[in-house]
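**Q** So the chains spell out like this:
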Amino acid sequence: MNTILALSGVVIKEMYRRKDFYVLFVLTALITIAAGAVNFFHDPKIVRYVKDICMLLIWVSALLVAIVTTARQIPAERESRTIFPLLAKPVTRWQVIVGKFLGCWLATGLALLVFYVFFAIITGSREQHWPWLTYLQALWLQWVMIAVVIALSLCVSIFSAAPSSTTTICFITVAGILMVGGHLNTVALRQSQPLQNIFYTIYFLIPHLEWFDIRDRVVYDWGLVDWLDCLLASVYAAVYAGLFLLLAWLGFRRKSLNT
Amino acid sequence: MMKASPYLLLVLVLAVGFTLATDLEPRAAQWSQRSKSDNVFSMLFGDGRRLFANQFFTMADVYFHSGYYPSVFDQREAGPKEIVATSHGHKDSDEDEKKEDFLGKPKDWIDRFGRHFRITEHTHLENNNEREILPWLRLAAEMDPQMIETYTVGSYFLREHLNQPKEAEAFLREGLRNNPDSYEILFELGRLYNENYHDTERARNVWQLALNKWYDRYKNDPTGAKDNKLGFEEITVNLARLEENAGNYEAAIRWFQATQKVSPVPDAIQQQIDAIKAKMASPTNTPAVLLH
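Taken in order, these protein sequences are the chains called A and B.
Those letters in the first sequence? Residues 527 to 785, per our numbering, in order.
Those letters in the second sequence? Residues 4 to 295, per our numbering, in order.
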């Protein structure tokens, strides 16, 4: 466990040394503050559009941080050949995979925490209302979803040629699932065979990341999701994250490390 | 040859640039057809901005439903957006509620479980929260100043739900500047004068102007007139009620008779005409306006 934690510590240090997060945070803050400064019909109490914009930016930024950070982990180690001294130590390939995953997940979690604190301050200052539990739940569900995305990125990065292709593949997959994943069953019903079966198979195979997107509940003040449902969704995400990590390990176990 | 200092050259280039700018700026203003009053969106997107206007108007409807809204994948009966229907005084019946249940029963366990995280309840904004739709209407108006519904819907919510008649009037006047022949905006302006300012005289004038605009638009277009008879009906029925309240019963009857020609419920209009006639015949007939 210490080895995994040490490996993840390196990833976290790498994230705060790089400028990706800072740039995304400043951009999010600037756009949100600029949007919040606009006066519509001299009504200072209008706030939902600011929440909506800020949440969207948080989601995009978190996905960017997660995918870009994860996609370069293993390829960078191979390219700089630091993977050899790393594996020369008593570190197994499984530990490398888990350590990298944990590092990326914790690093993105830290970034998410900063984003949500900013979100709470901005929206709270306008509507004088602080639904901390709703924010905590939204943060948790997003972070759990990010675990699946990181595991997927790690898995793709093992098989992919370069970090750029990993990033592109993961972005398209995640965006596709978030936008269309939940509707594939509806689409399937309108198709003829064998397309209907193909769509249904994809529908049941993919991780339903759209469950974890409770932005609408936060923006429109719909309150908390049942905590039991949150727990079940977290278990569901853990299963998929585990599956992708296992696939990543299976690929990495037999992979030649020479570039 | 004498060597020129780079600083002197820089000053020379700046001076030439400044001189050219002062000369060319007035001419450049004439090269483009774009007026100086155009906003940042028209400068950025040109006419393409109109594509976004409908999307922003839809966003206002999404906000009005607090996020409960069908996606492109969901089946929903075609019809006007609910913010438009509400601005025309429509209230949801049980039948409407059924139509709004676009989710239906869960199709599988993924769908069933996923609904615990989604918004699955049909509600409308209330208690002054209607203000949340305004940014989208403002943006829609910026994107497409010729989209008339934006002004009428925005004005309705501003004056009826948010008690901001002055903002509503300013928004309508902006709409009128961009669409001087719109009877819809004039009708809404008349409602504002009548219902919020209780200025009967101005309301009457504005509605009569609206009616003239309606006639002008459809005088050579019988199909258009048939499709837009709701506009005619709304104007005439409101004029009739205005005259009735003002004690001008004969004028009120004339407007109701005009309404009757296009109304889907002519019998109900006839009842109102009969009621006015009964008032006229009654010896204790005193116009409401004189009692107050």
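Just so you know, the hints here were simulated from the structure itself, not pulled from any lab data.
If you're wondering where the values come from, they're calculated on a predicted model, not measured in any experiment.
Quick reminder that beta carbons are idealized off the backbone N, C-alpha and C, glycines included.
Do not rely on the hints blindly, as some may be mistaken.
[To be verified] Not everything, but these chain A residues come out facing chain B in the computed CB check (under 7 Å): (1) 567; (2) 574; (3) 603; (4) 709; (5) 725; (6) 737; (7) 740.
[Unchecked claim] Okay, derived cross-link-like pairs now, DSSO-like style, lysine-lysine, Cα gap no bigger than 27 Å in a straight line: (8) B:84 / A:571; (9) B:264 / B:94; (10) B:264 / B:229; (11) B:232 / B:84; (12) A:571 / B:169; (13) B:94 / B:110.
[To be verified] For each label pair, taking beta carbons as the anchor points, the in silico distance ranges come out as: (14) A:548 / B:184: 47 to 55 Å; (15) B:111 / A:647: 52 to 60 Å; (16) A:691 / B:183: 53 to 61 Å; (17) A:606 / B:47: 41 to 49 Å; (18) A:552 / B:11: 39 to 47 Å; (19) B:17 / A:549: 50 to 58 Å; (20) A:691 / B:224: 44 to 52 Å; (21) A:607 / B:119: 43 to 51 Å.
**Q** Next step is simple, just say for each hint if it's right about the structure.
**A** Verification of the hints:
1. Hint status for residue 567 of chain A: holds, given a least beta-carbon distance of 5 Å to chain B, under 7 Å.
2. For residue 574 of chain A, the interface hint holds, the least distance from its beta-carbon to any beta-carbon of chain B being 4 Å, beneath 7 Å.
3. Against a cut-off of 7 Å between C-beta atoms, the interface hint on residue 603 of chain A is violated, since the closest Cβ of chain B lies about 37 Å away.
4. Annotation: residue 709 of chain A was flagged as interfacial toward chain B, and the flag holds, the nearest CB pair being 4 Å apart, inside 7 Å.
5. For residue 725 of chain A, the shortest C-beta to C-beta distance to chain B is roughly 12 Å, which exceeds 7 Å, and the interface hint is violated.
6. For residue 737 of chain A, the shortest C-beta to C-beta distance to chain B is roughly 5 Å, which falls under 7 Å, so the interface hint holds.
7. This hint holds: residue 740 of chain A has a C-beta 5 Å from the nearest C-beta of chain B, less than the 7 Å allowed.
8. With a CA separation close to 25 Å, the supplied pair residue 84 of chain B and residue 571 of chain A stays within the 27 Å bound.
9. Of the pairs offered as hints, the one joining residue 264 of chain B and residue 94 of chain B holds, with about 25 Å between alpha carbons and a cut-off of 27 Å not exceeded.
10. For the hint linking residue 264 of chain B to residue 229 of chain B, the alpha-carbon distance of about 11 Å falls within 27 Å, and the restraint holds.
11. Restraint check for residue 232 of chain B and residue 84 of chain B: the C-alpha separation of about 19 Å stays at or below 27 Å, so the hint holds.
12. Pair hint residue 571 of chain A plus residue 169 of chain B holds up; C-alpha atoms about 18 Å apart against a cutoff of 27 Å.
13. Restraint check for residue 94 of chain B and residue 110 of chain B: the C-alpha separation of about 30 Å exceeds 27 Å, so the hint is violated.
14. Against the hinted window of 47 to 55 Å, the Cβ-Cβ separation of residue 548 of chain A and residue 184 of chain B comes to about 53 Å, which satisfies the hint.
15. Roughly 41 Å separates the CB atoms of residue 111 of chain B and residue 647 of chain A, a value that falls outside the hinted 52 to 60 Å.
16. Here the CB-CB span from residue 691 of chain A to residue 183 of chain B is close to 56 Å, well matched to the stated 53 to 61 Å.
17. Between residue 606 of chain A and residue 47 of chain B the CB atoms are about 43 Å apart, so this pair conforms to the stated range of 41 to 49 Å.
18. Between residue 552 of chain A and residue 11 of chain B the C-beta distance comes to about 40 Å, which sits within the given range of 39 to 47 Å.
19. Judged by the Cβ atoms, the range 50 to 58 Å given for residue 17 of chain B and residue 549 of chain A is violated: they are separated by roughly 34 Å.
20. The hinted range of 44 to 52 Å is not satisfied by residue 691 of chain A and residue 224 of chain B, whose Cβ atoms lie roughly 58 Å apart.
21. The hinted window of 43 to 51 Å between residue 607 of chain A and residue 119 of chain B holds, with their beta carbons roughly 48 Å apart.
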